[in-house]
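Visitor: The listed protein sequences correspond, in order, to chains A and B.
Taking my numbering, the leading residue of the first sequence gets 494, the next gets one more, and so forth.
Taking my numbering, the leading residue of the second sequence gets -18, the next gets one more, and so forth.
Errors might be hidden in some of the hints.
Stated by the list, open to error - No more than 30 Å apart at the CA atoms, straight line, and that leaves these computed lysine-lysine pairs for DSSO-like:
1) B:K155 / A:K657
2) A:K657 / A:K824
3) B:K246 / A:K646
4) A:K523 / A:K789
5) A:K813 / B:K243
6) A:K583 / B:K208
7) B:K238 / A:K693
8) A:K628 / B:K(-1)
9) A:K668 / A:K715
10) A:K756 / B:K238
11) B:K89 / A:K646
12) B:K199 / A:K566
13) B:K(-1) / A:K657
14) B:K208 / B:K(-1)
15) A:K789 / B:K243
16) B:K246 / A:K687
17) B:K197 / B:K8
18) B:K197 / A:K628
19) A:K715 / B:K137
20) B:K208 / A:K523
21) A:K582 / B:K208
22) A:K693 / B:K128
23) B:K238 / A:K813
24) A:K756 / A:K789
25) A:K523 / A:K646
26) B:K238 / A:K761
27) A:K498 / A:K687
28) A:K507 / B:K246
29) A:K819 / B:K197
30) A:K687 / B:K8
31) B:K128 / B:K197
32) A:K715 / A:K674
33) B:K197 / A:K566
34) A:K820 / A:K761
35) B:K197 / A:K646
36) A:K628 / B:K199
37) A:K797 / B:K137
38) A:K693 / A:K625
39) A:K657 / A:K566
Don't read these hints as lab results, they were simulated from the structure.
Each chain, written out:
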Amino acid sequence: MSDHKDVWIYVEHKEGAFTPMAYELFGIGKKLAGDLGSDLCALVIGENTDELAKEAGYYGASKVYAVDGAPFKTFRGEAYGKAACEVMKKYNPDLVLYRATTQGADLSAVCAATLETGLGSDAIGLELGENKAVKMTRAAFGGSYLVSVINTKTKPQMATVRPKVFAMAERDTSKQAEVVKETVAVAEDDLRTKVLEFIKSQVMVNLVEADIIVSGGRGVGKPEGFNILQELANTLGGALGASRAAVDSGWIPQEHQVGQTGKTVKPKIYIACGISGAIQHLAGMRTSDCIVAINKDAEAPIFKVASYGIVADYNQVVPKLIDEFKKRLNK
Amino acid sequence: MKIVVCIKQVPDTEAEVKWDLQKGTLKREDMDSVTNPFDEFALEEALLTKEKYDAQIVAISMGPEKAADVLRNAFALGVDEVFQITDPALAGSDTLGTSYVLAKAIEKIGDADVVLCGKQATDGNTGIVASELATRLGYSQLSFVGKIVEIDEASKKIKVERGIEGGREVVEAKLPAVVSVLKGINEPRLPNLMGIRKAAKIQIPVWDTNEIGAAKEKAGVEGAAIKVIELTTPPPRSAGEMLSGDVEEVGNLLVEKLLDLKVIK
């Protein structure tokens, strides 16, 4: 296994640019490569990847493996998986990191199953452990437990990395990567899937990337109640969240749901309005930096995790907050 | 058409989690268990597909003896056949081992057109078993599906909408396919009394590793590449400050405190 070397990151891109969260992978990848005394290599798959390969160098990759071709125009697990696995088999990375996105999950799963190796999911901690293997830590049950795992058995080691945990790498145009172009033959006819269309979401609900989330629960009482929460979210440049109770009541679409059967979020500020704080909701937001709870019920469990608590009707407090923020922020 | 639904028994999402901190495993026997909430949508989607296209549904579950409950529930809802995969050698499987065992079981069932899974389980939360399964079986990989648009049995094709970052992606794929579904793809039904009575009487067939032709050393603790080495509880989040006063006062106070964080611009 000693022939396995280097830390690889799989870098996602869209419309010719890296996706915002890709920069965190460069950050943590570089650090681990340094600890291991190895190189940071970026794997870029797509159509016309020359510019991206150059950018990857600016962000700290010393080598870029680029697979270019028409079948790679849009992401498809099977096509990208075939390309990634062929390149990995040729160069034998020690560790491969992916983002914990739908794309990262799809690709990492194809690679792990094809190369018969272990895959750690949703890492919030990555550091060197025994035998220079990487100890991967994830939050289980919404941060009420931290589970650390290690793979000393198979190579490459693989992990998907949670957004908003690791620091982004800085861009430095004086740095250059060696670009290794790899050709992987993938015939369109042999592929099982075809992407027909992408329908952009009308409401952009990017809870996972949001720094500020205003969220509503059963206590909101009616679909219209979410209007003022949306207004507060807009005022603060944040996203609108909801508890399962509100989603199941049909007041707000499921994309907004935070919790065990919704999204796990880690914003800098989470404002919970009319949310009691059931375990399954806390599981999705308890690691937020600052939690504000506004609830009529002084006994609501949400107050136990709140940085600031207000026992009141959100209907009265939220309009006041909107006015005051608008005034202070000159909006 | 033959549909295989993979379902998992998980600790009740409303219950307090109990860990064996020494072994790094869940104390499953001490916790109330339910069907993985995401698998309920997979099950319902199988039932809806059967109503629309006429299909045979086989439900499988890998887990300890107790997990037979989720198959009984599936049977009560109207699936045609159920099989439980249980073997002491399977305890402690990671996703690699789980996808291996499920693939073996699905190969034994044979001739599957569509394999339905929930997008993830609420205990492990990895969301990768379905895709590993597709890779192992050589089936089409259709993950995070929010809608099955149509299934064309004659041309062996399926069209779905996947929910991905920023929107929906319409994908056409060859059958067989492994489809993992999102919450909200449908509204799961409850079993009726007749179904419950029927399910109470059935003997659930049990398969061990030999039965499905799975190598013991490729699953369970022995086959796992990923080992749990540490389980800790982070310091509990302490309750902060309660702000009191009239709406005017608490509003101003909170705005002040939040602006101090220098997050809001």
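Visitor: Each hint should be assessed against the structure and marked as holding or not.
Guide: Outcome of the hint check:
1. B:K155 / A:K657: Not satisfied, since the Cα-Cα distance of roughly 37 Å exceeds 30 Å.
2. A:K657 / A:K824: holds, 28 Å
3. B:K246 / A:K646: Violated, at about 48 Å.
4. A:K523 / A:K789: Violated, because 48 Å separates the two Cα atoms, which is more than 30 Å.
5. A:K813 / B:K243: holds, 20 Å
6. A:K583 / B:K208: Within the cut-off at roughly 27 Å; holds.
7. B:K238 / A:K693: The given pair, whose Cα atoms are some 37 Å apart, is violated under the 30 Å limit.
8. A:K628 / B:K(-1): holds, 23 Å
9. A:K668 / A:K715: violated, 55 Å
10. A:K756 / B:K238: holds, 27 Å
11. B:K89 / A:K646: holds, 29 Å
12. B:K199 / A:K566: Roughly 36 Å separates the two Cα atoms, so the pair is violated.
13. B:K(-1) / A:K657: holds, 28 Å
14. B:K208 / B:K(-1): holds, 19 Å
15. A:K789 / B:K243: holds, 28 Å
16. B:K246 / A:K687: violated, 42 Å
17. B:K197 / B:K8: Answer holds: K197 of chain B to K8 of chain B is near 23 Å, not above 30 Å.
18. B:K197 / A:K628: holds, 26 Å
19. A:K715 / B:K137: violated, 44 Å
20. B:K208 / A:K523: With a Cα-Cα distance of about 25 Å, the restraint between K208 of chain B and K523 of chain A holds, given a limit of 30 Å.
21. A:K582 / B:K208: It holds: about 24 Å lies between the C-alpha atoms, which stays within 30 Å.
22. A:K693 / B:K128: Roughly 15 Å between the alpha carbons, so the hint for K693 of chain A and K128 of chain B holds.
23. B:K238 / A:K813: holds, 15 Å
24. A:K756 / A:K789: holds, 25 Å
25. A:K523 / A:K646: holds, 24 Å
26. B:K238 / A:K761: holds, 13 Å
27. A:K498 / A:K687: violated, 34 Å
28. A:K507 / B:K246: It holds: about 27 Å lies between the C-alpha atoms, which stays within 30 Å.
29. A:K819 / B:K197: violated, 63 Å
30. A:K687 / B:K8: violated, 43 Å
31. B:K128 / B:K197: Violated. K128 of chain B to K197 of chain B sits at ~37 Å, over the 30 Å cutoff.
32. A:K715 / A:K674: Violated, because 56 Å separates the two Cα atoms, which is more than 30 Å.
33. B:K197 / A:K566: It is violated: about 41 Å lies between the C-alpha atoms, which goes past 30 Å.
34. A:K820 / A:K761: Cα-Cα ~22 Å, so holds.
35. B:K197 / A:K646: Answer holds: K197 of chain B to K646 of chain A is near 17 Å, not above 30 Å.
36. A:K628 / B:K199: holds, 22 Å
37. A:K797 / B:K137: Violated - the C-alpha atoms of K137 of chain B and K797 of chain A are around 54 Å apart, more than 30 Å.
38. A:K693 / A:K625: Answer violated: K693 of chain A to K625 of chain A is near 43 Å, above 30 Å.
39. A:K657 / A:K566: Given that 30 Å is the threshold and the Cα spacing comes to 27 Å, the pair holds.
The structure shown violates the earlier hints numbered 1, 3, 4, 7, 9, 12, 16, 19, 27, 29, 30, 31, 32, 33, 37 and 38.
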